[in-house]
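**Q** Each chain is listed here by its residues.
2 protein chains.
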Amino acid sequence: MRGVSIIGIGTTRYGILEGQSIKEMATFACNDAIHDAGIDRKQIEAFYLGNYISGMIIRQETLAPLVGGSIGLRKEVPCTKVEGACSSASIALRHGYLLIAAGVYDIVLVAGAEKMSSAPIEKLTASLGASIDMETEGLTGLTFPGFWALMARRHMHEFGTTIEQLAMVAVKNHKNGSLNPRARFRNIITLENVINSRLITDPLKLYDCCPISDGASAAVLCASHLAKEFSNNPVEIVGSVQTTGFSTLFEQGQQISLPATILAGKLAFEMSGLKPQDIDIVEIHDCFTPAEIVDSEDLGFFEKGKGGWAVLDGVTQPDGKLPINPSGGLLCKGHPVGATGLGQIYEVVRQLRDEHENQIKGAQIGLTHNAGGTGAVCTVHILKRR
Amino acid sequence: MRGVSIIGIGTTRYGILEGQSIKEMATFACNDAIHDAGIDRKQIEAFYLGNYISGMIIRQETLAPLVGGSIGLRKEVPCTKVEGACSSASIALRHGYLLIAAGVYDIVLVAGAEKMSSAPIEKLTASLGASIDMETEGLTGLTFPGFWALMARRHMHEFGTTIEQLAMVAVKNHKNGSLNPRARFRNIITLENVINSRLITDPLKLYDCCPISDGASAAVLCASHLAKEFSNNPVEIVGSVQTTGFSTLFEQGQQISLPATILAGKLAFEMSGLKPQDIDIVEIHDCFTPAEIVDSEDLGFFEKGKGGWAVLDGVTQPDGKLPINPSGGLLCKGHPVGATGLGQIYEVVRQLRDEHENQIKGAQIGLTHNAGGTGAVCTVHILKRR
Numbered sequence: 028m029r030g031v032s033i034i035g036i037g038t039t040r041y042g043i044l045e046g047q048s049i050k051e052m053a054t055f056a057c058n059d060a061i062h063d064a065g066i067d068r069k070q071i072e073a074f075y076l077g078n079y080i081s082g083m084i085i086r087q088e089t090l091a092p093l094v095g096g097s098i099g100l101r102k103e104v105p106c107t108k109v110e111g112a113c114s115s116a117s118i119a120l121r122h123g124y125l126l127i128a129a130g131v132y133d134i135v136l137v138a139g140a141e142k143m144s145s146a147p148i149e150k151l152t153a154s155l156g157a158s159i160d161m162e163t164e165g166l167t168g169l170t171f172p173g174f175w176a177l178m179a180r181r182h183m184h185e186f187g188t189t190i191e192q193l194a195m196v197a198v199k200n201h202k203n204g205s206l207n208p209r210a211r212f213r214n215i216i217t218l219e220n221v222i223n224s225r226l227i228t229d230p231l232k233l234y235d236c237c238p239i240s241d242g243a244s245a246a247v248l249c250a251s252h253l254a255k256e257f258s259n260n261p262v263e264i265v266g267s268v269q270t271t272g273f274s275t276l277f278e279q280g281q282q283i284s285l286p287a288t289i290l291a292g293k294l295a296f297e298m299s300g301l302k303p304q305d306i307d308i309v310e311i312h313d314c315f316t317p318a319e320i321v322d323s324e325d326l327g328f329f330e331k332g333k334g335g336w337a338v339l340d341g342v343t344q345p346d347g348k349l350p351i352n353p354s355g356g357l358l359c360k361g362h363p364v365g366a367t368g369l370g371q372i373y374e375v376v377r378q379l380r381d382e383h384e385n386q387i388k389g390a391q392i393g394l395t396h397n398a399g400g401t402g403a404v405c406t407v408h409i410l411k412r413r
Numbered sequence: 028m029r030g031v032s033i034i035g036i037g038t039t040r041y042g043i044l045e046g047q048s049i050k051e052m053a054t055f056a057c058n059d060a061i062h063d064a065g066i067d068r069k070q071i072e073a074f075y076l077g078n079y080i081s082g083m084i085i086r087q088e089t090l091a092p093l094v095g096g097s098i099g100l101r102k103e104v105p106c107t108k109v110e111g112a113c114s115s116a117s118i119a120l121r122h123g124y125l126l127i128a129a130g131v132y133d134i135v136l137v138a139g140a141e142k143m144s145s146a147p148i149e150k151l152t153a154s155l156g157a158s159i160d161m162e163t164e165g166l167t168g169l170t171f172p173g174f175w176a177l178m179a180r181r182h183m184h185e186f187g188t189t190i191e192q193l194a195m196v197a198v199k200n201h202k203n204g205s206l207n208p209r210a211r212f213r214n215i216i217t218l219e220n221v222i223n224s225r226l227i228t229d230p231l232k233l234y235d236c237c238p239i240s241d242g243a244s245a246a247v248l249c250a251s252h253l254a255k256e257f258s259n260n261p262v263e264i265v266g267s268v269q270t271t272g273f274s275t276l277f278e279q280g281q282q283i284s285l286p287a288t289i290l291a292g293k294l295a296f297e298m299s300g301l302k303p304q305d306i307d308i309v310e311i312h313d314c315f316t317p318a319e320i321v322d323s324e325d326l327g328f329f330e331k332g333k334g335g336w337a338v339l340d341g342v343t344q345p346d347g348k349l350p351i352n353p354s355g356g357l358l359c360k361g362h363p364v365g366a367t368g369l370g371q372i373y374e375v376v377r378q379l380r381d382e383h384e385n386q387i388k389g390a391q392i393g394l395t396h397n398a399g400g401t402g403a404v405c406t407v408h409i410l411k412r413r
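Line by line, the protein sequences give chains A and B.
So the first sequence is residues 28 to 413, counted in this note's numbering.
So the second sequence is residues 28 to 413, counted in this note's numbering.
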C-alpha cells in the first residue's frame with residue numbers, strides 16, 4: 028500500500044447558513060479544498076461525498092454527481108455518495124485513502140455536507156433517529172439525546188462520573204470554539220451556565236448537546252510520493268479504519284463504551300504503529316458531553332472510568348497533556364452530521380500545518396474519531412505532519 | 028489489478044413482499060449469496076449495500092451496519108451504504124470489484140435493497156424524483172415518467188420511432204418475465220394491451236412504465252485466483268465502470284441519449300477489450316420502454332435511431348441476435364430501485380452458469396447497464412463465464 032497525504036482542505040463555517048443550499052455549501056467547500064491543494068480540477072479521478080439526512084430533510088438525493096457537476100469534474104470521474112450517519116464524511120475520506128493507497132487513483136476529492144437548519148425540529152429529530160434500528164429500539168422512541176443520557180447515567184453509576192465533569196466538557200469546548208471563526212458558537216460559558224441550562228434528557232442539559240448546524244467540508248488526497256508537487260505542507264494519513272458496531276443500545280450488552288470505537292482505535296494504532304501517548308491532539312465525536320468522556324476512554328487515552336476526571340483536571344485543555352477538541356468540537360463548532368468527519372480533519376490539518384487559530388504548539392500527530400448512530404459505525408484517522 | 032469473480036449470488040423475488048422489512052429482505056439476499064458461494068461468513072472482509080429511498084420512505088438509514096449485524100459479519104468488517112439513485116446496487120458491486128482488484132480485500136459481500144410498497148404513492152413519486160436537482164429542474168415538477176416521455180417524444184420526432192416500437196419492448200419483456208419466478212409480473216401481454224393501457228405521461232402508457240417493487244439482491248465477490256476454491260462456476264468481472272452525467276435534462280443539451288451511458292459503455296468495452304458484437308446477453312435499465320431503446324443505442328449495440336426497429340424486428344428477443352432483458356427487465360421483473368443493479372447481475376450470472384429459466388443457449392459474455400436519476404450516474408459491468 029502506498030502512502031496517502033492530504034494536500035488541500037476546504038470548508039464553510041458551521042452554523043445557520045441561511046440562503047445557502049446543500050449544493051452550494053458542498054461546492055464551496057470542494058472549491059476551497061481544490062484551491063488550497065493548487066491542483067487543476069481536471070486532475071481529480073474520483074469523488075466521494077458523505078451525507079446523511081438530505082433525502083429525509085430536503086428531499087435531495089444523488090448528491091455526489093450533482094455536486095460533481097457543480098464543481099466541474101470530468102464525466103469519467105465516478106461520483107459516489109456514502110452514508111454512515113454521523114460518520115458519513117470520514118467514510119468518504121477512508122475511500123479516498125484506500126483507493127489511492129491501493130494504487131487505483133493518484134488524486135481523489137472527498138467531501139461531506141449537511142443542510143439541517145431549514146427543516147422543522149420534529150422532522151429533524153425523527154430523521155436523526157433514523158440510524159437506529161427502526162424495527163426494534165427505534166420503535167421505543169429512543170433518540171440520540173436519550174441514548175447518550177442512558178450512557179451517561181450508567182457511567183455515573185459505575186465510575187462516579189459527575190454532572191460537573193460532563194458540564195466541564197462543554198465549558199472547555201466552548202472556550203476552544205470561541206477562538207475558531209468556523210464555529211457556530213463563539214461564546215464562553217461557565218459550569219453554572221451548563222448545569223442551569225434547560226433539561227433535555229436527564230442528566231443532559233441544553234449545553235450538553237451539540238447544536239443543529241449547516242456546513243460542508245472537503246479535502247484533496249494525493250499519493251504521498253506526488254504530494255510535494257502540489258503542497259509545501261502535506262499531512263500524511265498513517266491510520267484509517269472503519270469498524271462496525273450495533274444499531275441499538277440493547278444489543279451492546281453494556282452502556283459504558285462503544286465497541287466500534289474500542290475496535291477502531293485499536294486497529295488504527297496497530298496500522299500506524301503508534302500508541303495513544305504518541306498523539307498530540309485529538310478531535311473526538313462529542314455529540315453530547317458524555318460522548319467525549321466515553322470516547323476518550325474507549326480510544327485508550329484514559330483508563331475506563333477516568334475520562335471525567337481527566338476533563339476536570341485540565342488534561343484535555345489546549346495546554347494540557349492531551350488537548351481534545353481544540354476546534355470547539357461538535358458541541359460548540361456544530362455538527363452538520365454528514366460533514367463533521369471532514370470538519371474534524373480540516374481542524375487537525377490546520378493544527379499540523381501550524382496555522383490553527385487555537386494552535387497547539389508542536390502538534391505533530393493528530394487523531395480524529397467520528398462515530399455514527401448508536402456506534403453502528405466508527406471511523407478513526409491518524410494524521411502526521413510530514 | 029487482479030481478476031475478480033462472482034462466486035455467489037442471492038436474491039428475493041421482486042414484487043409486493045408484504046410483511047418483509049428492508050432488513051429482512053437484505054438479510055435474506057445476503058444469506059442466499061453466502062450460501063451459494065459456500066464461504067464462511069467470517070471470511071467476508073467488507074460489505075457494500077446499495078439503497079436509495081429507505082430514509083425518505085420508511086425512515087431507516089445507516090442500513091449497511093444494520094444488515095451487517097443481522098447477517099453476523101465480524102465487527103472489523105466495514106459496512107458501507109452507497110447511494111446513486113437507481114444505480115446504487117451496481118455502485119456497491121463496483122466497490123467490491125475495485126477493492127479486490129486492487130488487492131485490498133480477497134472476499135467482499137455486495138448487496139442492494141429497497142422497500143417501496145409500504146409507502147403512499149405520492150410520497151413514492153416525490154421520493155423517486157429526489158435524484159433530480161431540486162434547485163432547478165426538480166422545481167418544475169419533472170419526475171421520471173415525464174423525463175422519459177420527453178426523451179421518447181424527441182426520439183420519435185428525430186428517428187420516426189413509433190408507439191408500437193415502444194410497446195413492443197414491454198411485450199417482449201413481459202414474455203421473458205413470464206418465465207422468471209423472480210419477476211413481479213408473470214403475465215404475457217399484447218401490443219394492444221400496452222397501447223390501450225392507461226395514459227401516464229404522453230406518450231407513455233401504464234405498461235411502458237416499470238412497477239414499484241420490493242426486493243433485495245446480493246453477490247459474493249472473490250479474487251479470481253481464489254475463486255475455484257469455492258465455486259465450480261465462477262463468473263469473471265471483465266469490465267466495471269461508473270460514470271457521471273447530468274442531474275437535469277436541460278443541461279444535457281439533447282434528448283436522444285444519456286451521455287453517462289455512452290461514456291460508460293465505451294469505457295467498459297475498452298477495459299474488457301471487447302466489442303458490442305462480442306456480447307451474448309444484455310440486461311438494460313428499462314425503467315420505461317424508451318429507455319431500453321435509447322440505452323441499447325447509447326451502448327453501441329445499434330446505430331442511433333435504430334433501436335426501436337431492432338425491437339420490432341425481433342433482434343432483442345431471446346432467439347434474436349442480441350437478447351435484451353431475458354429476465355423480464357425492470358418493466359416486468361420489477362424495479363426495487365436500490366436493488367436493481369445486483370438483480371441484473373443475478374440474472375446474468377444465472378445465464379452464464381447455464382441455469383436460467385429463460386436460458387440463452389451458449390451465453391458466454393453478458394453486460395449489465397444500470398442508470399441512476401436523469402442519467403446522473405451510470406454503471407456498466409461486463410461478465411464472462413470462466
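Hints are computed from structural coordinates only; laboratory data are not their basis.
We put the CB at the ideal spot given by N, CA and C, even for glycine.
Hints are not guaranteed to be accurate.
To be verified - 30 angstroms max Cα-Cα, derived BS3-like pairs, lysine-lysine: (1) A:Lys102 to B:Lys102; (2) A:Lys302 to A:Lys331; (3) B:Lys333 to B:Lys293; (4) A:Lys302 to B:Lys102; (5) A:Lys102 to B:Lys333; (6) A:Lys388 to B:Lys302; (7) A:Lys150 to B:Lys150; (8) B:Lys102 to A:Lys411; (9) A:Lys331 to B:Lys102; (10) B:Lys102 to A:Lys293; (11) A:Lys302 to B:Lys411; (12) A:Lys69 to B:Lys302; (13) B:Lys333 to A:Lys150; (14) A:Lys388 to A:Lys411; (15) A:Lys102 to B:Lys69; (16) A:Lys333 to B:Lys150.
Stated by the list, open to error - Sample of chain B residues lacking proximity to chain A, with all beta carbon distances greater than 10 angstroms (derived): (17) Leu93; (18) Gly130; (19) Gly165; (20) Ile239; (21) Asp307; (22) Asp381; (23) Ile387.
**Q** Take a quick look at whether Lys150 of chain A and Lys150 of chain B sit within 30 angstroms of each other, Cα to Cα.
**A** holds (15 angstroms)
**Q** Compare the distance between the alpha carbons of Lys102 of chain A and Lys69 of chain B with 30 angstroms, and conclude whether the hinted pair is satisfied.
**A** violated (38 angstroms)
**Q** Under the criterion that the straight-line Cα-Cα distance not exceed 30 angstroms, is the pair Lys331 of chain A, Lys102 of chain B satisfied?
**A** holds (21 angstroms)
**Q** Can you confirm whether the C-alpha distance between Lys302 of chain A and Lys102 of chain B stays at or below 30 angstroms?
**A** holds (22 angstroms)
**Q** Between Lys69 of chain A and Lys302 of chain B, does the CA-CA distance stay at or below 30 angstroms?
**A** Holds, because 28 angstroms separates the two Cα atoms, which is no more than 30 angstroms.
**Q** Measuring Cβ to Cβ, find out whether Gly130 of chain B lies farther than 10 angstroms from everything in chain A.
**A** violated (6 angstroms)
**Q** Take a quick look at whether Lys102 of chain B and Lys293 of chain A sit within 30 angstroms of each other, Cα to Cα.
**A** holds (13 angstroms)
**Q** Examine each Cβ of chain A, and state whether all of them lie more than 10 angstroms from the Cβ of Asp307 of chain B.
**A** holds (27 angstroms)
**Q** Taking the minimum C-beta separation from Asp381 of chain B to chain A, is that value above 10 angstroms?
**A** holds (33 angstroms)
**Q** Could you let me know if the closest chain A CB is still more than 10 angstroms away from the CB of Ile387 of chain B?
**A** holds (30 angstroms)
**Q** Does Lys388 of chain A pair with Lys302 of chain B here, judged by a C-alpha cut-off of 30 angstroms?
**A** violated (60 angstroms)
**Q** Would you mind confirming whether the straight-line C-alpha gap from Lys102 of chain B to Lys411 of chain A stays at or under 30 angstroms?
**A** holds (27 angstroms)
Going through the hint list in order, the structure does not satisfy hints 1, 6, 11, 13, 15, 16, 17, 18 and 19.
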